[in-house]
Amino acid sequence: MRAIRLLCWGVCGLVLGAAAGVAAVAAAGAIAAGPTDRDPASIIDVGHLPPLLRLPGEQATLRFNVFCPSPGKDPFDGEPCDAGGDVFVRAGAAGAFEKIPLRRTDDVAYGRYVAEVPAGLASSPEGFSYYAVLRNETTGASLTVPSAGAAAPQLSLPLERAVVVDLGAHDFGSTRHADARVAEAPWGSAPGQAGLLRGPTFGPIGPSAFDVAANGDVAVLDEVNDRVERWHAGRHAADTPVDVTGGIADMAVEADGSIDVLEPTGDGRTPELRSFAPSGALRSKTPIEDRTWSQLREGPQGPEVQQEPSEQWMPAERGRTWLTRTAQARGGHPGRTLPNGRELVVFRAGTSEARIAELVGDHVQRVWRIVSATPLGEVQLAEPLWNRIVVVIRPYTEAQDEFLVLTLGARGVESSFSVDSADWAETAPLARFRLAGSSLYQLGSTPSGMHVDRFDLEVNR
Amino acid sequence: MSLLRPRVVFLAAFLVALSLAAAKAALATFVSANCNYNAPTSSPNMYRDGSVTVALVARYEGYHWGGGCWNDNDVDEGPNEPLQTSSTGGEGGDCSGLTFKVWRESLNTGDGGHYQWGRLRNVHGPYTAADFKAGVGVPNATYPKADAIVMDAFASSTHIGMVYQRGTSGADQIVEAKCEACGTNIFTRTYRSDSSYGGVRRMGWTG
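First to last, the protein sequences are chains P and R.
Mapping the first sequence onto numbering that gives the first Met the number 0, position 439 (from 1) lands on 438, and the numbers just tick up by one.
Mapping the second sequence onto numbering that gives the first Met the number 0, position 147 (from 1) lands on 146, and the numbers just tick up by one.
Incorrect hints may have been included.
As the list claims (entries may be wrong) - Not the full set, but computed from the structure, chain R residues with beta-carbon under 7 Å of chain P:
1. V8
2. S41
3. Y142
4. H158
5. A170
6. T189
If you are wondering where the hints come from, they were derived from the structure by calculation, not from laboratory data.
Heads up, the beta-carbon is just placed ideally off N, CA and C, and yes, glycines get one too.
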């Protein structure tokens, strides 16, 4: 009888103990887990390619794709949502906006929601400025693009008297050799080596960005090894540890040696920009305004970031003080700010055309229209060099790609050459080239390591 | 004799069971605790912009090699997993798993229909990035990169990402499950002009 009673107590203990164990872990898991599922009604995003630079007679059509869940359905149902919205347009960069409701079309390729800018506004010699407020008509969720709306609208400028550069068909295989290799490192983690990240479902990722000082010193962001590596006079000089996430980041080094790193993610929902002292100590970090970035450059007043979906360059700092996300958005503009205060606007149009304009204020000062019989990929670099503009663009086919370096002057191309893409390892999207002095530098890689090559540009002042 | 008192026996049994149960429960992975193996539902339509919304759900939910199950709370509940390990059961898809699910494909490579998989359905699909690049499977075809539009994809021998929007620089915003450190998100990439990548189109869009 006693044995049976003991057995009962033991079984009860086992059952209750097991239940308590499962409950305890479940409770701990619930506490540790993140928030519950997001409200689908809050999901809204946009795809939009702003027509920054328009040729005479080109139709001013604004197209948007609005991404949000369909009414009353799970986002995974994949039905297009009941979206709508308005575009607010005005001639030039000042004055009152005119409201144009978006029209829904069947053309999702370039944007299902369309607004035709009235001819009277589109033909303004000062172009037109606009912003759009997009809505999920069912839930009321809305999104403004560019994100500051009327405070920093997008600008679309007419191209009068463009210098046409016709490249014809690109001649692959006639590449120029570098004048010097100014940095070189085999893959690895030791000093003087460069980190390489490889995985089964992504290609090799090497140092994701670099920068070059006025004296030719090279700094390479070795994000895999959490450091910035430096080369002086072609020799590895130092490693500076930096606290980075290890993802593909862009980098710019300020004149005083401070290091700005634009990370792919952040603590919040948008990526963050981190500022390091020349010693590598983290000074501060700040989120950027938009969900996505494409490039980071140093402007005359601090770092500027090209952000999407606004497709604007936004200042991140003023006088060593980070700007709030709202202040970044309110400073948005279509081009990158140059040291002389002018602005350089890049617009890759269609499949094989690039338009480059230099602005003074909101007015086009000089403009080039580059056309090609070979498809053109991204504009990797557009930088002033004295009174010229150096452009690096990427012609490509299904099987080939190279970078084409153009020096643009008042009459068109003053000089050009091709360089091997040397892109075995991935970098940040628009971080493969930098201009310092009158030399162009390229961050390249092969299966054995990474390198930085220098190409001296023969440009007379 | 005192060890055989009922209360002592109960306590000992309780503690042993508690430890074992807690250890077993604690070893549960995200997949084993949350995901299912439900059959997909067939759907007559498939829209490019609607499919972008499907992809948006996967943002911030992490990356898991060989994976295909995620919730929608914007937290990666299987972070810092070792490379090339699917057995850790973490949250998120990998690049080809995300594409398979967003493109509503079938496990049968000869079936070009549209199949809606739930976000908590753990499925990777039969295709690697290299398969997609080669246009393997009835629903998939190679496609000229210059003509790729929203929800077409660029694939290399190891990676695939879907077009979200082309940018003014000529680079593309791509929605992709990139890597453990990168997660799943929208990133600007230059796959279009990179000759190691080819264009891929999912056939059969409604619009």
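Right, here's what the structure says about each hint:
1. Interface hint at V8/R: satisfied, since its Cβ lies 5 Å from the closest Cβ of chain P, which is below the 7 Å cut-off.
2. About 13 Å separates the beta-carbon of S41/R from the nearest beta-carbon of chain P, more than 7 Å, and the hint is not met.
3. Because the beta carbon of Y142/R sits about 10 Å from the nearest beta carbon in chain P, more than 7 Å, this interface hint is broken.
4. Taking 7 Å as the C-beta contact cut-off toward chain P, the hint placing H158/R at the interface holds, the least distance being around 5 Å.
5. A distance limit of 7 Å between C-beta atoms decides the matter here; for A170/R the minimum to chain P is near 4 Å, and the interface restraint holds.
6. Annotation: T189/R was flagged as interfacial toward chain P, and the flag holds, the nearest CB pair being 5 Å apart, inside 7 Å.
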